[in-house]
Amino acid sequence: MLEAPAIAALTILVLALFVGIEVISKVPPLLHTPLMSGSNAISGITVVGAILAAGSDHGPLATWLGFAAIVFAMLNVVGGFLVTNRMLAMFKPKKPKGDA
Amino acid sequence: MSTTLIQFSYLVAAVLFILGLRNLSSPKTASLGNFMAAVGMLVAIVATLLYQEVVDYPIVIAGIAVGGVLGAVVALRIQMTAMPQMVALLNGFGGVASALVAGAEVTTAVEAGVEPTGIVPVAMVASVLIGSVTLTGSLVAFAKLQELMRGAPIQYPGQQFVNALIALGAIGLCVVLATAPLDLSLFGVLTIVALLLGVLLVIPIGGADMPVVIALLNSYSGLAACATGFVLDNSALVISGSLVGASGLILTKIMCDAMNRSLANVLFGAFGAVSESAVSAGTSEEQGNVTAYTPMDAAVIFSSARSVIVVPGYGMAVAQAQHAVRELTDTLAEHGIEVNFAIHPVAGRMPGHMNVLLAEADVPYEQLIEMDAINPQFPETDVALVLGANDVVNPAALEDEGSPIYGMPVLEVGKAKHVFVIKRSMNPGFAGIQNPLFFKDNTMMIFGDAKKVVIALNEAVRNY
Chain A
1392 MLEAPAIAAL TILVLALFVG IEVISKVPPL LHTPLMSGSN AISGITVVGA ILAAGSDHGP
1452 LATWLGFAAI VFAMLNVVGG FLVTNRMLAM FKPKKPKGDA
Chain B
9 MSTTLIQFSY LVAAVLFILG LRNLSSPKTA SLGNFMAAVG MLVAIVATLL YQEVVDYPIV
69 IAGIAVGGVL GAVVALRIQM TAMPQMVALL NGFGGVASAL VAGAEVTTAV EAGVEPTGIV
129 PVAMVASVLI GSVTLTGSLV AFAKLQELMR GAPIQYPGQQ FVNALIALGA IGLCVVLATA
189 PLDLSLFGVL TIVALLLGVL LVIPIGGADM PVVIALLNSY SGLAACATGF VLDNSALVIS
249 GSLVGASGLI LTKIMCDAMN RSLANVLFGA FGAVSESAVS AGTSEEQGNV TAYTPMDAAV
309 IFSSARSVIV VPGYGMAVAQ AQHAVRELTD TLAEHGIEVN FAIHPVAGRM PGHMNVLLAE
369 ADVPYEQLIE MDAINPQFPE TDVALVLGAN DVVNPAALED EGSPIYGMPV LEVGKAKHVF
429 VIKRSMNPGF AGIQNPLFFK DNTMMIFGDA KKVVIALNEA VRNY
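Chains as they are written, first to last, in the working numbering: chain A, 1392 to 1491; chain B, 9 to 472.
Honestly, the hints are just simulated from the structure, not real lab data.
Given the structure is predicted, the values throughout are model-derived calculations rather than measurements.
Heads up, some of the hints might be wrong.
[Said to hold, decoys possible] With beta-carbon atoms standing in for the labels, derived distance ranges:
#1 B/Arg470 - A/Ile1412: 47 to 57 Å
#2 B/Ala272 - A/Thr1402: 23 to 33 Å
#3 B/Gly166 - A/Glu1413: 17 to 27 Å
#4 A/Ser1416 - B/Asp370: 24 to 34 Å
Think of the CB as a built atom: it goes at the ideal place given N, C-alpha and C, for glycine as much as any other residue.
Use the sequences and the hints to build the structure in full.
Right under this line is the structure:
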């Protein structure tokens, strides 16, 4: 049988999925690309696990796997948020008439 | 920092992620939303650095610096036209990072000789499998989009059988490892099989189906993070991973619906493999005459038009014509013509591809109109200007029950009074399906590179 922490995590998983579906259904197709790059950056949260793996002195193999994970995850985080920011800055409303 | 406080920071981060995604519901608040999510990430990273277990700071900081700088350089330099490749690559990196973390946990458990229990070994296996498939699948998608390899499906006899065999092998390894996880070499084998599987699953998928693949890999990268969350019993990873997983799945479903195809058909149907019979049938069939027109002819019609709808497709992205298009629409607006853009959900190579390109060219987002909203407007429109789009405007999807794309929702451009189609040649699109739109009486074909033709059109309209 599953122990209590696993049940708790499973509960969080299911609830988060529902929240995700609710929230993301409201994103218009206009912003689907920034949604993908931005959510991609969020999946870089795995950097949290990578830091623990690399920094906890669990032997050289774990340290180096963790190091590689930090690099990839940070690429994801920084690259993802920055490129999303660049894209979103381009989405502008129509200028008021006579402003051009 | 106490563990409780760190856990609390993760909760704060998760809330910021959710609020950030919620702000993506409008272009007005989207930048703020992205900023909130980034702050959430910063909170989570700083909190983790303060964990008591983290003792080896130099290597952690070095990793953060290397990844952060590389990410910043790529993100600031990348061209907007290369965005599909960029997203594909980021998906892959997210996946491999999660798999590596799970791998590190496996080695730690092996060295300590402590058998993980409960759901942990299952999560370890899932993370390694999903993360590795995501990595190589994304790299193949990247190579196809970057045109490092052919975009057309790569097929060989018995492909489905081979894939099924390897997938079964991977699942078998997973079952063994989930019950006896302290086997480093077997994890190595699983990793190799999963990496191979990622390649084999994506090579038979054609370029036009890339929006589905990218959305699906997006979802995988989230699910891998989620699985790693179970390995570490870390709620931040579980919540964020499932948010991203849900996001990718929703986009996948939207893309599939927009093509009227099931996910299985996209993944295994090798759509866009131009079969010999289809090509010969298409050319021998009498479909009528196509007349090539010049930009001058089009300018004559534009001069009496009051409304124009531009329908962009992948051809606009390839020719990098978005800026030229904006200039043309500016000229049309100066002549008092109302201009809008009709955006099909699967136009281009990723969800939202056309919107990003046109936003880059300073087209206001109010002019970018979704398919369902703009379809009723075509009958009242004087000119529909189809720019490098093909399958998404194919009337066969509505009329020809024998067509492979029958039932796919399309932009009904044929209902406009005049249709201009700018196209490089009469070659059928990626799906290899002939387009009856080109033979309609109200259709004028203008052959050439999209950018050059649009510039010539602009000149012609200005000088008319």
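Going through the hints against the structure:
{"no.": "1", "hint": "B/Arg470 - A/Ile1412: 47 to 57 Å", "verdict": "holds, 49 Å"}
{"no.": "2", "hint": "B/Ala272 - A/Thr1402: 23 to 33 Å", "verdict": "holds, 31 Å"}
{"no.": "3", "hint": "B/Gly166 - A/Glu1413: 17 to 27 Å", "verdict": "violated, 44 Å"}
{"no.": "4", "hint": "A/Ser1416 - B/Asp370: 24 to 34 Å", "verdict": "holds, 29 Å"}
Hint 3 alone, counting from the list given before, is not met by this structure.
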